Amino acid sequence: KLSLIEEKLKEIGLELPNPPNPAGNYVPAVVTGNLVFLSGQIPRDSDGNPIKGVLGDNCTVEEGYEISRNITLSILSTLKTIIGDLDKINRFVKLVCMINATQDFIQHPAVANGASDILVALLGENGKHARVAAGMGSLPAGVPVEIDLIVELK
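Numbering-wise (our numbering), the sequence shown opens with residue 1 and increments by one.
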């Protein structure tokens with residue numbers, strides 16, 4: 001049986017991918033009290049290889065938006081494996097979107113909206129979250145975006 005959140009994803013034409021495995025000496029998430037701190041995730045292709053790019057160079061704002069959206073789906077998939085049922089989510093608390101960008105790139109919020117738009121579509125008012133959308137000089141494996149998330153459980 002799909003959770004209500006997964007039903008909403010299906011209604012908007014999206015589905016959860018398989019969650020990625022950690023690529024280092026860390027865990028996918030830490031649960032403390034009623035908060036879940038999810039590790040940063042990067043975009044990967046269907047073979048699991050990092051998708052490379054730099055916003056303002058060889059990656060457009062529209063591509064960055066889609067990448068942010070896909071990373072968020074991957075994060076939600078990881079969250080599901082950690083908590084068992086996405087309907088246990090009370091609210092999305094904070095999203096950090098790090099963007100590998102050229103020095104003159106200034107459209108960071110438009111890229112981060114790919115993540116934020118999904119969270120708000122899923123939980124409405126409780127999907128609204130604090131956010132950081134920041135440019136970085138580089139990111140692991142040369143990826144264009146890395147996102148982490150803090151979630152409050154019911």
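None of these hints come from the bench; they were simulated from the model. Quantities reported herein were computed from a predicted structural model and do not represent experimental measurements. There could be a bad hint or two in this list.
[As the list claims (entries may be wrong)] No farther apart than 30 Å at their CA atoms in a straight line, the calculated lysine-lysine pairs in the DSSO-like style are these:
hint, residue 1, residue 2
1, 52, 154
2, 1, 52
3, 80, 154
4, 52, 88
5, 94, 154
Do the hints match the structure? See the list:
1. 52 to 154: violated, 36 Å
2. 1 to 52: violated, 35 Å
3. 80 to 154: At roughly 14 Å apart (the allowed maximum being 30 Å), residue 154 and residue 80 satisfy the hint.
4. 52 to 88: violated, 34 Å
5. 94 to 154: Roughly 16 Å between the alpha carbons, so the hint for residue 94 and residue 154 holds.
Violated hints, listed in ascending order, are 1, 2, 4; each of the other numbered hints is respected by the structure.
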